[in-house]
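Colleague: So you can see what is in the structure, the chains are spelled out below.
2 protein chains.
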Amino acid sequence: MPKIELDPIGIIHSPFRNRSQAPFQGILSDEECELEIYEEYADGLKDIEGFSHIIIVYYAHKSEKHHLQTTTPWDTQLHGIFTTCSPNRPNPLLISVVPLLSRIGDRRLTVTNLDAIDGTPIMDIKPYIPELIVKQNVRLGWFEKVAITLKREKK
Amino acid sequence: MPKIELDPIGIIHSPFRNRSQAPFQGILSDEECELEIYEEYADGLKDIEGFSHIIIVYYAHKSEKHHLQTTTPWDTQLHGIFTTCSPNRPNPLLISVVPLLSRIGDRRLTVTNLDAIDGTPIMDIKPYIPELIVKQNVRLGWFEKVAITLKREKK
Chain G
1 MPKIELDPIG IIHSPFRNRS QAPFQGILSD EECELEIYEE YADGLKDIEG
51 FSHIIIVYYA HKSEKHHLQT TTPWDTQLHG IFTTCSPNRP NPLLISVVPL
101 LSRIGDRRLT VTNLDAIDGT PIMDIKPYIP ELIVKQNVRL GWFEKVAITL
151 KREKK
Chain S
1 MPKIELDPIG IIHSPFRNRS QAPFQGILSD EECELEIYEE YADGLKDIEG
51 FSHIIIVYYA HKSEKHHLQT TTPWDTQLHG IFTTCSPNRP NPLLISVVPL
101 LSRIGDRRLT VTNLDAIDGT PIMDIKPYIP ELIVKQNVRL GWFEKVAITL
151 KREKK
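Those protein sequences? They're chains G and S, same order as listed.
For the first sequence, the positions run 1 to 155 when my numbering is used.
For the second sequence, the positions run 1 to 155 when my numbering is used.
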């Protein structure tokens, strides 16, 4: 299948300068980040300030060569990359649901709970609509054993 | 900023042959789809069958030229594209959280509640972990006025 070519719609300005500064998960961070949407896409933000949360799709441009199985910060086992949130995946497209704190002018948004490092390309922004995303009766595979740890570390 | 090049990790086999056959939202469909992951990425699926739901990131290869503001099936107003789920977006990367029905062999997964048409490239698969995605105190902007319609149409 041919390669797919995408143009970033903007860039993330973040206090995390490199991977070692960024948290394992965005929800572990209370830092503020700014999403700068490029001029040519600004009209696509019409009325976004009515939403309390947005979904950001971003490209982990500093991810390492991908592995198909990896360990995670949560335990010492090898897991299939598609059962993890590791940025070192075949296509390092990351997704975060974040609170939209404010809109500044026509093309800047401030958010928090984001793990992205400074300069990360933004590929898409979507509305967070729980009716479409929230599921019941969920089984979490290997992650069930570590979920308690995640909650404990969250501030 | 330079273009970003991605290689699909698989392909979706779906009963929807074209856009007019596909539902507006995956949750409106009870049809079964098969995700075929290419051989070279199959090892990344290790232990995925332990998860009841997965997140699929796919590329809407039949999306039309994008618009920055668009109407939706839900009302007659123009909305910023980044406040909608329209596939006609600058980067037509779509996200669905779907129930994982079964794993067939080492590289095929069956799912439902998916709006993708046959032949859609799969870019990524992620675990669905409510602790990372589910938010409280949500405001839905213009979508609040149409949410009742969505629920009514869902089977």
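For the record, the hints were derived by calculation from the structure and aren't laboratory data.
Treat the hints with care, as some may be off.
A pair counts as met if it fits within one copy or between any two copies, since identical chains are not told apart.
Calculated lysine-lysine pairs in the DSSO-like style (CA-CA distance at most 27 Å, straight line) [to be verified]:
1. K65 to K3
2. K145 to K62
3. K3 to K145
4. K3 to K135
5. K62 to K3
6. K46 to K145
7. K135 to K145
8. K46 to K3
Nothing here was measured: the structure is a model prediction, and the numbers come from that model.
Colleague: Would you pick out the hints that fail for this structure and give their numbers low to high?
Modeller: 2, 3 and 4
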